[in-house]
Amino acid sequence: MVNDTYLVAKPERDRRPLRFVAFGVIAILVFSVLTTRLAYLQITNGQTFAARAEAQRTVDEAIPAPRGLIYDRKGRLLVSNVASWTVKIKPSDLAFGRRLDVAQRLGALLGMEPSDILATLDSAPGSRFDPVRIASDVPERTARLVSESTAELPGVLVSVETRRQYPDGPLLAHILGYTGPIDGGTYAQLKSEGYQQDDMMGKAGVEATFEEQLRGTYGTELVERDATGRDIQVLRTVEEAVPGSSLRLTIDRTIQKEATQALKWGMKAAGLKRGVFIVMNPQTGEVLALVSLPSYDNNLFAKGISVKAFSKLIKDKNKPLTNHGVQAHYPPGSTFKLVAGTGALQDRKITPSTRIRTAGYLSLGGSRFYDWNRAGFGMCNIYCGFGHSSDTFFFQLAGMLGADRLAYWAHQYGFGRPTGIDLPGEAAGIVPSNQWKVDALGQRMTGGEVYQAGIGQGYVVVTPLQLINAYAALANGGKVYRPQLVREIVGPDGKVVTPFKPDLIRKMKLSQATLRTMRLAGRATVTLRHTYNLVDMPVKVAGKSGTAEFGLRDAKGRLPYHSWFVGFVPRNPHRGTFRRATSELVFLAFAYDSRTKGNAGTEIAKAFLQLHFHIKKDYLNHDLLEKGNFYRSN
Amino acid sequence: MRVMRAEPGRFTDVTTRSVGAIWRAYDLQLTTYVVLLGAIGLIMAYTNSVESGESVLRTGTTFTRALMWSGIAIVVFTLATLFDYRWVKAMRWPIWFANLGLLVLTLAVGTGVGGSSRWINLGPLTFQFSELAKILMITVLAAYLGNREGRLDSVTSILGACLLMGPPWVLVMMQPDLGTSLVLVAILGGMLFMSGASLRWLLAMGLGALAAIPIAWTYILRDYQKDRILSFLNPTADTQGAGWQVFQAQITVGSGGFLGTGLTNGTQTRGEFLPVQESDFVFAVLAQELGFIGAFVVFLLYAALLWRILACAWGSRDPFGLLFGAGLASMLLFQLFVNVGMVIGLMPVTGIPLPFISNGGASLVTLAMGLGVIQSINIRQFARAEW
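Chains A and B supply the protein sequences, listed in that same order.
Counting in this note's numbering, the first sequence runs without a single skipped number right up to 622 at its last residue.
Counting in this note's numbering, the second sequence runs without a single skipped number right up to 426 at its last residue.
No lab work stands behind these hints, which were simulated from the structure alone.
Treat each hint with caution, since some may be false.
Under 7 Å between C-beta atoms, here's a sample of chain A residues computed to sit facing chain B [what the hints assert, rightly or not]:
| hint | residue |
| --- | --- |
| 1 | A38 |
| 2 | R40 |
| 3 | R362 |
| 4 | A363 |
Quick caveat, the model's predicted, so the values are computed rather than measured.
Beta carbons are placed, not taken as given, at the ideal position from N, Cα and C, and that holds for glycine.
Take the sequences, apply the hints, and build the full model.
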């Protein structure tokens, strides 16, 4: 052993075996601790962690469903879906300190005010994890620029969406409406119906009324995401998206164009600001054309309307966003004489041959009620009274009926309540009765007010749609149909889900003889040349013109007025008769605030007839559309 | 009867010995374990480089860089084995100054993230000289302490070792690189402990170091380092912020289960839920893809390697060999414990690589150098009869 020892005692050498053992023990401890912990994580809790890993890397994402298309009655496409680049911000990925910086950079790229971007971001409903739409319909070049600078734009997402495109724009804007982003306030309710926070939905027109049918159903897919929330891949489709159903409208785009052209011509010639033209099939309640001017381009909304453009539309005092045919009511004037005439005949106050004295005015309770013709028409039956539109004649009929019977017949024709057309925001109009007056003003109708109601003045207001629907009932023999805009709903598989069915609201309680008399009285309006040369046209028309005073008197004591014409043609427009209730075309022209020499409504109706029936000869009286509050005709 | 000398005498050159004797002295087991661990490192580099539709062999991937560094490491390992380690004893001062110079250079021209300077760019590659500093300091300390054989019980030896370690340690701290500086402390402690130095003095030094921690917390540690330690102490408090890494690492490890998800199937890594998955957190990927079984096999390889290094140290007649082996073993065990412990939530997050497996050229080349020296020691231990 001497060989193995050192000469000098060296304590460190003696300690080394123990130190090596100690190191070994420490190493064994280290490996034991690591192995135990690893077993705890991987074997004991492996399932839990695997589930957590799965949960944080996968997410259910909605697959958008294509929105249903809209066609006219002849199958012409009125709405299509086009791809559109959209820029969104996911607030949770945008640090508060970088908001302003990102808004400025993004604003510069998109040409938007940074403050607008921040305002949009702040007003968005939903959670911080829901992307907020900042700009829609971004040009592809800009979209690429934005997506290439993601490093400087944290939280900004660029995606392709589909948006609505309305090829005809203003022509059909009031019928089709538009889609727009969901309002912040309504999202909480819509969420349960399967809407996404950044969804688009129908906001006006049939886009809004048939939202449920058009929108389709979201599918679901399981998507793998990375830690920053970016999609890596689609793992599987959980549920396929179901495209929305398509609509085939009752509207005929050709007739809509003719009506628009005629109305535009009349409005331009007479210098008018607002107008309505409606064409219907009285046998079914189908609306063939529904024009309200001024119109707007609904593509502006589909693309995401700017605040400036929107406030311009809102501030326009002619209300281009309002469908004046449906959403507004106006005094009907003499066209309302249909109600008093029908009522007096059916209530047997008069017969078709009863002659009543007409005069320049009637006196009642110390007031004078003037006829538009200060000379009167002498003794007049219903054909003469309606044909010449004698006010004193209808004052007397209204007096015979009384306020409540007059209101009864007005309600029979569908006045005083919405027609139920497939458009949002329909106005109800007003039919004054004693009860109505008591409720509204606390007293019964006076005799003078009943006179006024008889000629469609005073408290009476109607929507153009109610008025044409009443004349449609006259033309079809007393059936009041609900006006409809949609002919068929076609499922995504091309099968018709809901076929067209006329929707009868009411069969009027009166005899066909009464209506026949009124139709012939309407024909007399034309044949007596109350509507000038309308009778000379190669198509036979029965109807009624109207001049309805409204607003405030001018310096000379004259009131501004609207002019109306509502009429219909027999089934055979050239040789038919009005004795039978077989008309298939009823039309209405409404000219708002038309201070023209003649009735602008009649001229516009004639313009439409010329276009619709391809009449080569021009029957239009341009001189009657000149300015001048001179000629008054009811 | 001959007197044993404390100093090894003039030695016979290795070339004068028979090839057979050298081969018998060569530790084939150690080389095998090293190669296997290196291979696992390459496999992990591969799995971290796989991206759909791209070749893993294109330039710039973790895998191609790992392949290149592996080649360099093999050359370094072979050269270190062939090189007579005893020369370095004589060169300990030049080595110490060279190390200091490299660390100063790193501070001067180095690059890093967040204002730190840790790497020096060498053409297309980067090299972290603080990694090299570990092996160089093991060498210097082994030479210094080995030279003081017989006086190792005295406090002067301990203080001397601490004085040698001091300047490089401060330079590493200045980078700042907390992880490497901790490894240097572990190396120092491990070598002093294994050298047989007085436990009383070592304990006194250790307590002194502990007392310095509050001072270090206030004046030396950067905010991000404090965050990491705090988040380790309370990992669930802030799973989106500083605790994110710790939390995600545990999810990654745990979701591997017993058998693992299979190579390249790690879902956590594909989604980049796990930061620095190819370097400091590579063990999480390994544990997820290869499972408990794979991780356990890796542990076994490390244990076997440690055993071979300690056996070499034990068998060395030369105190330098003993101390070098002790230093290398301490370094490996410490790095393994801190890195794996960090991944599985036992230790705070520090930038300490997992030997052989973390992607990093400097770490691999340094290890190859150290293990080459171990083999060099192995084949140069002469039979007692020769003395």
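To see whether the hints hold, each was checked on the structure:
The interface hint given for A38 of chain A holds, since its Cβ lies 4 Å from the closest Cβ of chain B, which is under the 7 Å cut-off. About 5 Å separates the beta-carbon of R40 of chain A from the nearest beta-carbon of chain B, less than 7 Å, and the hint is met. Because the smallest distance between the Cβ of R362 of chain A and any Cβ of chain B comes to about 87 Å, over 7 Å, the interface hint for this residue is violated. The beta carbon of A363 of chain A is not positioned within 7 Å of any beta carbon in chain B (closest approach about 90 Å), and the interface hint is therefore violated.
Violated hints for the displayed structure, listed by number in ascending order: 3, 4.
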